[in-house]
Amino acid sequence: MSMSQRVFITGLGIITSIGKNADENLQSLVTGKYGFGSLEVLETVHRDSLSACEIKLEDRALSEQAGVPLHEGFTRTSLLGLISLQEAIQSAGLSPAEVRTSGLISATTTGGIREYETHYYELMDPKLRGDFVRFTDTATSGEHCERMADHVGIKKYLGTISTACSSSANSLMHGAQLIKNNKLDRVICGGTEALSKFTLNGFNALMILDKQHCRPFDSTRSGLNLGEGAAFLVLESEAEVNRKKRTPIAELKGYGNANDAFHQTASSPDGAGAFSAMQLALSSAQLQPEDIDYVNAHGTATENNDLSEGLGMKRLFEPDIPYFSSTKPYTGHTLAAAGSIEAVYCLMAIKHAVIWPNLNYKNMMPELGIQPVTTLRQEMKLKYVLSNSFGFGGNTSSLLLASV
Amino acid sequence: MEEKATYFINGVGIITPQKTFDREVFLSEISQYDKNILTCIAPDFKAYINPIQMRRLSRMLRIGLSAATICLRNSKITMPDGIITATGYGFLDETAKFLKELLEQGEKQLTPTYFMQGTSNALAGLVALTIKCMGYNNTYASKGVGFENALTDTMMQLNENASLNFLIGAYDEAAEIQYNASIRASHFKTEFINNLSLFDTNTKGSIQGEGSAFFMLSGKSSASTLCIMSDMDVVYKPDGRELQDALDNFLATNSLDAEHIDVIINGVSGDVEHDAVTNTLIRSRFENTAQTRFKHLCGEYTTATSFALWLGTSILSRQQVPDIVKVQHWNQPDKLRTILIVNQYMSKSFTFILLKEFVQTQ
Amino acid sequence: MNQNVDELIVELRAELIKQLNLEDMLPEGFDENTPLFGEGLGLDSIDSLELVVLLDRNYGIKLKDPKEGRHVFQSIRTMAEYIAKNRQA
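Residue numbers (my numbering), protein chains in the order written: chain A, 22 to 425; chain B, 302 to 663; chain C, 258 to 346.
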């Protein structure tokens, strides 16, 4: 990367099934508390057979936490996004003027589909009137971003990315690019995803859900657990950070985006896309594989991903594979929000010098011969951390975070 | 300050409710619609997609892949360095099919195909898969500014490395599910009209359109270069003077006065309220400039800027303005070298794109 | 209904063509013994999921493990034989 402008992370906000803010998430990561359990909020016929990492808060409680009225058509996806966006803004100590001159890049795969599936028949009949009307035009991916931007007062630059499970990693990349190109001094980037019957049934039809708690990188793994949540990170230029004389949380030092080009929903068996994304992230930061201290893997616990990603990591890092783990047993697979949620977990790892354990791991995959970190490791000085996010459509993304 | 590249449009492929996939014609055969829904005139897909691949592709995936293939062939690039797509409403027909099955069958016995085809990045993934492109791949689903995000992303990457080739495309479907719901929000007219009389109406709402348009952008020109995209800007929810200031700043940044612009492409949509804002803006600086409009041909959709970009590109590369886009009282410009696109979506987002003629030097 | 295997073969061929959009692409000499996956018709993993749903919807058979499908879905004949043996009312 020829541009000299460095990009720093100065604030973060997060809400998942293991905590409704950053502190609660951190506590859960440390104590091993995970969000996997029965579905209680989402209404579905699969309640007795499929579990997920659900946020045990009704929309009413989320609206209260977000500080918005209940009946104004904020979808659950936009409420989760708004809550974490507001925390990120506060965490970065941004003034209203600074918020106004920021960009907002969000990400989601489902947007307001949860509300659409609930009110579908009423919405389809133009003659009907009622409360559901507030969800007339909230299904699209981009709507939640406009909703959040309008609420906090951002309008300089908006964007919504939708590349399945790599979406919010790409949000962070686009934000970083905008800063490096001097288009904006500050961009708030992330993603949000609420559970829905639509996704639950979609993944069930693909037969990649595990009814049990998922086991990433385990030879007996049999699929992923779905989760919901949101996270946003405030990115600021080097010039802004110097001007404000605030110590940033970390640096977004590099990133890589590639495509596996193998199959619409499966990753290549040799991990070519994974390898490429990680390698691009390294070269963009002018680092070598041996510089990496920890990899937060995509690690969904599907047969396909963990093999593909594992082989990609081996090819890149052999013979010295760095510490790695998947935090998806904690939060489930939060789809578009995974990239930013896991970036937050990487930042917490760097700040507190810990490596989060890959819960539920017992049996090594014979094809890999490597194993993740399985217990909480403390006093781990982490300088360079990689965070992987790979999705349908072959989209592979990798973020490189550095301590400051 | 980062050096800006020059952005060359080196190829186009477009499928819309007019016969635009065929390079031999330029809006000379016009299709008419009278139920407020405009749907694509598609080519024979077999010319662009192999039958084995075709069987699992939805209609819009076939349209998108064909448009991308036409663009690749026209630009004579077989392997771009990146693929970026943009949409507003995504693959709504397939989303609706999965949703309906889900609801009607009580979440039982569902097949995954519609679910997979409904993901917004399915087209970008499909193009990458088809040509085995492992480069940069992204999809923006930002309602009225998605295509603009894709252009911005590309421009920034070309600033970094001008020799790259980026394949950028937009797609949106005239889906029934969107039509039914959006009537309530006055997106579309409640009275049926003929699309060609869109701008004679004085009512709220536009007509529903769709299309897919792909462009090959590079920081280097080639034998296939059609025109230059000099600059682009987007304004979101401007109030007070912000919209006027944004236009004036755009002109000033590019050292332009009204007389430097030969043709305006005006993104009015037939909605009486939204159009008033755009027309006032254009009149403020371009009272006497030759003006064209296009949404009577393609309808309104979130990525309609892509149609305008194709129109401007074609006007400059062919040195010809089709009669069907000219407004009344057309002032024939004495040259066709510089075009300004002023598009808007629901008066929420406004886009300015500056295009310049490219003359091949051999 | 006691359909025999031959009747099921006829029925399944039509169902497969419809469900998997195969009209334009049946290879020469395609019959009930042609391998459906790999060499032969060349179906993939998504198609196998569609076939799992077809078994459930049309014949009341729930295949819990997608790997079991590899044997069942070898050809139209193996599918017909499996259905004749296992179908629910």
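Rather than coming from a laboratory, the hints here were simulated on the basis of the structure.
Heads up, a few of these hints could be off.
[Claimed, not checked] Below are the SDA-like pairs computed for lysine to any residue, each with C-alpha atoms no more than 20 angstroms apart in a straight line:
#1 A/LYS218 with B/LEU404
#2 A/LYS232 with C/LYS319
#3 B/LYS505 with B/MET647
[Claimed, not checked] Using C-beta positions, here's what the derived DEER-type ranges look like:
#4 A/PRO147 with C/THR335: 44 to 52 angstroms
#5 C/MET282 with A/GLU324: 25 to 33 angstroms
#6 A/THR122 with B/LYS657: 50 to 58 angstroms
#7 B/LYS347 with A/SER116: 40 to 48 angstroms
#8 A/LYS265 with B/THR379: 45 to 53 angstroms
#9 A/ARG150 with B/PHE500: 48 to 56 angstroms
#10 C/GLU285 with B/ASN495: 24 to 32 angstroms
#11 C/PRO284 with B/SER487: 33 to 41 angstroms
#12 C/LYS324 with B/GLU304: 35 to 43 angstroms
#13 B/ASP549 with A/LEU91: 38 to 46 angstroms
#14 B/LYS657 with C/THR291: 54 to 62 angstroms
[Claimed, not checked] Selected chain A positions facing chain B (Cβ under 8 angstroms, derived; list incomplete):
#15 SER70
#16 GLU138
#17 THR181
#18 GLU339
#19 PRO340
#20 ASP341
#21 TYR344
All C-beta atoms, glycine included, are put in the ideal place defined by N, C-alpha and C.
So, going through the hints one by one against the coordinates:
| no. | hint | result |
| --- | --- | --- |
| 1 | A/LYS218 with B/LEU404 | holds, 9 angstroms |
| 2 | A/LYS232 with C/LYS319 | holds, 17 angstroms |
| 3 | B/LYS505 with B/MET647 | holds, 11 angstroms |
| 4 | A/PRO147 with C/THR335: 44 to 52 angstroms | holds, 50 angstroms |
| 5 | C/MET282 with A/GLU324: 25 to 33 angstroms | holds, 29 angstroms |
| 6 | A/THR122 with B/LYS657: 50 to 58 angstroms | violated, 30 angstroms |
| 7 | B/LYS347 with A/SER116: 40 to 48 angstroms | violated, 59 angstroms |
| 8 | A/LYS265 with B/THR379: 45 to 53 angstroms | holds, 48 angstroms |
| 9 | A/ARG150 with B/PHE500: 48 to 56 angstroms | violated, 31 angstroms |
| 10 | C/GLU285 with B/ASN495: 24 to 32 angstroms | violated, 49 angstroms |
| 11 | C/PRO284 with B/SER487: 33 to 41 angstroms | violated, 52 angstroms |
| 12 | C/LYS324 with B/GLU304: 35 to 43 angstroms | violated, 56 angstroms |
| 13 | B/ASP549 with A/LEU91: 38 to 46 angstroms | holds, 42 angstroms |
| 14 | B/LYS657 with C/THR291: 54 to 62 angstroms | holds, 58 angstroms |
| 15 | SER70 | violated, 11 angstroms |
| 16 | GLU138 | holds, 6 angstroms |
| 17 | THR181 | holds, 4 angstroms |
| 18 | GLU339 | violated, 21 angstroms |
| 19 | PRO340 | violated, 25 angstroms |
| 20 | ASP341 | violated, 26 angstroms |
| 21 | TYR344 | violated, 28 angstroms |
Of the numbered hints listed earlier, those contradicted by the structure are 6, 7, 9, 10, 11, 12, 15, 18, 19, 20, 21.
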